[in-house]
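Q: Spelled out from the first residue to the last, the chains are:
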Amino acid sequence: MTGATLEVRRIARRFQHIVAVDNISFVARAGHVTGLIGPNGSGKTTTMNLITGLYPTDAGSILLDDTTLTGLRPHRIAALGVARTFQNIRLLADQTVLSNVMLGTHRGHRQNLLAVLARWPGAAAEERALQARCRELLDEVGIGHLADAAAGDLSYGDRRRVEIARALASAPRLLLLDEPAAGMNHAEKARLGDLILQIRQSGITVLLIEHDIDLVSKVSDHVVVLNFGCEIAEGTPAEIRRDPAVIEAYLGREDA
Amino acid sequence: MTAAAAQFLASYSNIIDLCLLNALVAYGLYLALSANMFSLATGGFMALGAYCSVYLTMEMSQPFALAVLAGAVLGAAAATLIGLPVLRLRGDYFMLATFAFTEVIRVVALNWDDLTGGALGIVNIPRDTQTWHLALALVVVIYLVHTLRGSYLGRAIAAIKQDDVVAQTMGVDVFTVRLSLFVASGFICGAAGALAAHLNYFVGPGDFGLVRSVDALSYPILGGVNALAGPLVGAVFTTILPEALRFSSQLREILLGALVLAVVLYLPDGALSVLKPRRRAGNSGGGKATAAAPRVSP
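Line by line, the protein sequences are chains D and V.
Just so we're aligned, residue 1 is where the first sequence starts under the numbering used here, counting upward by one.
Just so we're aligned, residue 1001 is where the second sequence starts under the numbering used here, counting upward by one.
Everything labelled a hint here was simulated from the structure, so no lab data went into it.
All C-beta atoms in this analysis are idealised placements derived from N, C-alpha and C, irrespective of residue type, glycine included.
Worth double-checking, as some hints may not be accurate.
[What the hints assert, rightly or not] With a cut-off of at most 25 angstroms between alpha-carbon atoms, the simulated DMTMM-like pairs for lysine to aspartate or glutamate come out as follows:
| no. | chain 1 | residue 1 | chain 2 | residue 2 |
| --- | --- | --- | --- | --- |
| 1 | V | Lys1161 | D | Asp94 |
| 2 | V | Lys1161 | D | Glu248 |
| 3 | D | Lys218 | D | Glu188 |
| 4 | D | Lys218 | D | Asp94 |
| 5 | V | Lys1161 | D | Asp139 |
| 6 | V | Lys1161 | D | Glu188 |
| 7 | D | Lys189 | D | Asp158 |
| 8 | V | Lys1161 | D | Asp153 |
[As the list claims (entries may be wrong)] Which stretches of chain V does chain D cover? Using the computed rule of at least three CB atoms under 8 angstroms from a CB of chain D, they are:
| no. | region |
| --- | --- |
| 9 | 1152-1159 |
| 10 | 1166-1173 |
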């Protein structure tokens, strides 16, 4: 699966009187990892919810390659190859890890309701093939041995890995990761960084929302910085670290 | 068949029929509940199925099987008409709308004398429904529900129930799945209404009111919606219990209410959850992050 280019053009979104996203434009290039950083409340997660269609945009447009995503319902956007993880992990806690990941294959099933109800052999074969694929994915993210455990029993870091595997199970062209390192310790973060680079290797475009600047620097080709719902800087990780506007946004003005 | 068994069936055939009928309705409601649709439309669907089928058998002299099918299709059509606008609304509005539907059907049945006999109802309906009809319908429905649960569509439905934001994000067309389930529920309840009408010689507008809807909702909830057998157990239990409590008509309602309350309080996953091994305390705490998450309407 090859990655797709995400283009965000002057999008805006307000909630009553609060402007969550004022005017944001950026491009996440195909096959690259784009970091999206900014202080709390700068509009990162809202941007992600706008891309995945959970919120409608008030203005602007979002394109995946040449397809307009704005105005589409979330399941349509997912069908076009956009997958995501959630900042506040959203797994079905009482189901097995494998079953959670299998949810990601929903669009991969070709058998219709009648074939399922008639127990058409093709439906069972398809389920087995996708299940094998999901076990492979769990191996790839490093938790293959936990496939049959209940998702709710896993450690924090492992649950984040299940979310990533579930997103990968949909064979995405664009993967959105919403603060995947939140709550992880140093060793877990290092392994997560390797995993993101491994996903990049497979050709999938990654948009990474993250607070941990070291992780972002390690994996990103390009970084976009948001503050108060606008993008204030973009460039390579090294350029961003030197940018006065970024330093001001995070640390405050020097002469204040 | 031995004499004892024959005598048992003869003495209890009414209650067996009722158990089978209520179990059928319970699976109709189970389909709706499996995607968080607390439907109070059951009474309305059953009334449509009942009056439609009775009209076909008594006035049009159509075969019984065709009448039941027509009742089911009418129930499904009504479900489509309610579901299309209302399923986009929040859950509580859905409940109100289905309640209103059942009331509208009841009031229409009460006043459309030519078709429904008004408050007096219709009498002398041929008793075409056989026990094996009910049993066959129930077996088919249970088989289909079982197959659905085990498929990727069942997995999508379970995801909608627990977290519809995740389901949408993973590519599940939540609206279409819920509408389909509600239409299937209308189909089963319509068929059940037709079968019920041809079981009792009589239908009246009071047979299919709000009480019927609430009873129907209580079967799968009491039995448990997480197990395949839950609706069956809930329906049989709720049907037999009033009979077992016949020794005191006053105590009966109180005991029944107390039992329902006890199940809701102590077995929130339904009566069948006593059979499941308890999960260790604290397991469920971490994973269910969904409770605190903002709900986003589709």
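Q: Taking each numbered hint in turn, which are not upheld by the structure, reported in ascending numerical order?
A: Per hint list: 2, 4, 5 and 6 violated.
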